[in-house]
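Dock chain L against the given chain D, drawing on the hints supplied.
Here is how the chains run, residue by residue.
2 protein chains.
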Amino acid sequence: MAAHPVSPLAPKSYPTLPAVAGARFATALSGIRYKGRDDLVLIDFAPGTKAAGLFTRSSMPGAPVEWCRKILPSGAARALVVNAGIANVFTGKAGAQAVKVTADGAAKALGCKANEVYLASTGVIGQILPAEKIVAQMPKLKAGLKDSDWMSAAKAIMTTDTFPKLATAKCKIDGKVVTINGFCKGSGMIAPDMATMLAFIVTDAKLPADVLQALLKASNNQSFNCLTVDGDTSTSDTVLLFATGKAGNTAHAKASDKRLAEFRKALTAVMSDLAQQIAADGEGAQKLVTIDVTGARSDASARVIARSIANSPLVKTAIAGADANWGRIIMAVGKSAEPANRDKLVIKIGGKAVTKNGMVRPDHDDAAATKHFQSRDVRIEVDVAVGKGAARVWTCDLTHGYIDINADYRS
Amino acid sequence: MAAHPVSPLAPKSYPTLPAVAGARFATALSGIRYKGRDDLVLIDFAPGTKAAGLFTRSSMPGAPVEWCRKILPSGAARALVVNAGIANVFTGKAGAQAVKVTADGAAKALGCKANEVYLASTGVIGQILPAEKIVAQMPKLKAGLKDSDWMSAAKAIMTTDTFPKLATAKCKIDGKVVTINGFCKGSGMIAPDMATMLAFIVTDAKLPADVLQALLKASNNQSFNCLTVDGDTSTSDTVLLFATGKAGNTAHAKASDKRLAEFRKALTAVMSDLAQQIAADGEGAQKLVTIDVTGARSDASARVIARSIANSPLVKTAIAGADANWGRIIMAVGKSAEPANRDKLVIKIGGKAVTKNGMVRPDHDDAAATKHFQSRDVRIEVDVAVGKGAARVWTCDLTHGYIDINADYRS
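The listed protein sequences derive, respectively, from chains D and L.
The opening position of the first sequence corresponds to residue 1 in our numbering, with each subsequent residue numbered one higher.
The opening position of the second sequence corresponds to residue 1 in our numbering, with each subsequent residue numbered one higher.
With the rest of the complex left out, here is chain D (with noise of 0.2 Å):
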């Protein structure tokens, strides 16, 4: 695979993720399909730790995917390896053995059970992992155990990506301190529909694994849920939160418990911050798209149409061009078949009102809106007209560059 340049809107410095007591880092190179960089993770975590996932909705889900869902009934996590280059999907049994040897191997490295070992994958579909070869590491990536290295982590998933992706927040419960970290991947392939490509938060918080659950499917809906580039769903999207519970605080039984909104409000703005860090990472991506959609008949029907907008190829390649044609915006609400009036729809761009009594504003400044096309963070506002429905997606331009990269992936 070619290297491809970093992305324009990459962050201008990475933040410094702090520890978080009961989980420590290790990567190393598995001679999989990268060569010169690290492509395997393995992150041990403290007795007690309790997880929470969701994953993609694809009915053809990868072979980690099924393992996931299987063992995170218990809501216990031991550890969590993932690799990057080959995703184990659409691999039949080969793919179930292969997780079961990963899985395995980690358990016996690390002295827990088999099903307290999460594993994520992303890469190529159809192709075997030689999880021997993951299996292999192990030993090595135990004695490298750091309290913090979440940077070389966060480098070790790239896949297409082109800059890693990290964010980090503390917020109190109880008066006690605690630290939600995370990072991701993904630049291609996505769509998620309930997760993202592969995203992973840590916190010190304690918490019970069925609030845990709660939380993170709210905080998802808000963050990785907003987000397309491609309108392509992967097989192996996951996202997984584990929370080691080393920050003192009381566990409280209730995901809607008062003495949790801060830590609610935290964990969703790092979902958000890695959220659109995807969006700025899409393949080919020059620029963030923001699109923002009011008065639908619901917020799903918001969200229907703010996703009809951010994966029309025609609108899309109209930002990449810096062609304010908010007509093919027009287009993309017209298309989604969700309910919108025409006649009193209002399309922003740049936060100046494009349209009124459906037609052009006779003082719609068309050079004002070009600019607004050319600048690195492109706001779309559209108000259906028809209730009070919200919705907001963010999702990046299309370029030649997203040909470049997808017309020769595999070589």
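Among these hints, one or two may not hold up.
Heads up, the list lumps identical chains together, so a pair's fine if it works in one copy or across two of them.
Claimed, not checked - Pairs of lysine-lysine residues, derived as DSSO-like cross-links and limited to a Cα-Cα distance of at most 27 Å, are as follows:
(1) K356 - K70
(2) K70 - K217
(3) K246 - K108
(4) K176 - K265
(5) K217 - K254
(6) K217 - K258
(7) K170 - K12
(8) K133 - K356
(9) K352 - K265
(10) K371 - K12
(11) K93 - K348
(12) K176 - K217
(13) K108 - K12
(14) K100 - K70
(15) K93 - K344
(16) K142 - K35
(17) K100 - K344
(18) K388 - K265
(19) K93 - K356
(20) K352 - K93
(21) K344 - K70
(22) K356 - K108
(23) K356 - K100
No wet-lab data here; the hints were simulated from the structure.
The following block gives chain L in isolation, referenced to the frame of chain D:
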């Protein structure tokens, strides 16, 4: 708008369309947008001509679509006026006024009623159509009416099309020879949900309007509804079928009449031919792609899966790059949310099976699949192994040409 290279999939030669008794043609240059080419078509129909029509399901339909919907119930047609350059969509009351002015002008010139004049427009959304420029051409158009100038008509409705699209067939009803001619345009914003960009079919058959409508709907389901270029459904999709009744056949009262069997087949053939020409002239297209899905829960389910494959940017770029990355086909089936059996699904590329038992076949020949993807005529078959539903969809690859064309359409 810059000229773009002619699609490599353009026909080697164009069919010569015979005259259809009762239909006469003229084209002109309106001066609205284009220079040096005609952009306006008038078809004059003999009294007694019946019409059928299907239109976009977009909630943002253009003014000409609303006009046609309004006048269609009478089933009577005396004229069709089509312009290219401005779509007259999202133009509020000014758009409705432009439609009225155009229909009145044509009716006056031809001596018929305004509500017997069908209208269609294609081009930029959101711009007001200067109808007076169309009306100004009416005397010249009327004076220039000829029995047979299908090629000029097909050329006059082109926008980003790189070749004119024509098809013809003859068949018999009750022993009387009937001609069916059609022409159409479309290369981007093509994902018709019940019709296509603009397609016009004219026959000399004698058929009641309601029978014509039923025949059109059935044939459309096997032709234009099997087509997608970019998944972007137009606000202007219109397919109109006119029957002048000059062939001298008996006007059978039921679309399902056995004596119309040959006509049904010929109509579907003409419309399928046109639909495939649109796929072959998809913006930036280098390859025509035919996707057959079988074994689905229903025909409707098969179509959703076939469209999911056909609209996947990752599948389309893989074909563009001749990378037989069949894992992306798996992904596209998986994201469709339709029933499919992962472990029994069979993908064929160029007629050769790639998968078995939920993984790649041991004898899969990647080089042969790659070679097939290098051809101009790419065939993908997927059996999803859950039922008997089947569907075919035509599309094209996603290339740099699509970006070139659409990042700079308005300028």
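Copy assignment of K176 with K265, given that the CA separation must stay at most 27 Å
Within one copy, since 16 Å is at most 27 Å while 75 Å is not.
Between the shortest in-copy and the shortest cross-copy C-alpha distance, which are at most 27 Å for K133 and K356: within, between, both, or neither?
So K133 and K356 pass the 27 Å test across copies only (26 Å; inside, 62 Å).
Within, between, both or neither: K108, K12 at alpha-carbon 27 Å:
Cα proximity of K108 and K12: none, with 41 Å in one copy and 66 Å across.
Is it within, between, both or neither when you check K352 against K265 at 27 Å Cα-Cα?
Result: close neither inside a copy nor across copies, 30 Å intra and 52 Å inter.
Between copies, within a copy, both or neither: which fits K70 and K217 at Cα up to 27 Å?
Only inside one copy: K70 and K217 sit 18 Å apart there, 47 Å across copies, limit 27 Å.
Homo-oligomer pair classification [K265, K388; C-alpha up to 27 Å]
Intra 23 Å, inter 49 Å, cutoff 27 Å: intra-copy only.
Please work out whether the CA atoms of K356 and K100 approach to 27 Å or closer within one copy, between two copies, in both situations, or in neither?
between (60 Å within a copy, 22 Å between copies)
Should K93 paired with K356 be assigned to within, between, both, or neither, using CA atoms and 27 Å as the limit?
Close across copies (11 Å), not inside one copy (58 Å); limit 27 Å.
Which holds for K356 with K70 at a C-alpha limit of 27 Å: within a copy, between copies, both or neither?
between (53 Å within a copy, 24 Å between copies)
Taking 27 Å as the upper bound on the Cα-Cα distance, should K176 and K217 be classified as within, between, both, or neither?
within (24 Å within a copy, 67 Å between copies)
Up to 27 Å CA-CA - K344 versus K100, copy category
For K100 and K344, the Cα distance is within 27 Å only across copies (22 Å; inside one copy 57 Å).
Using 27 Å as the alpha carbon limit, work out where K217 and K258 are close: within a copy, between copies, both or neither.
So K217 and K258 pass the 27 Å test inside one copy only (17 Å; across, 57 Å).
Checked against the numbered hints given earlier, this structure breaks hints 9, 13 and 22; the rest are met.
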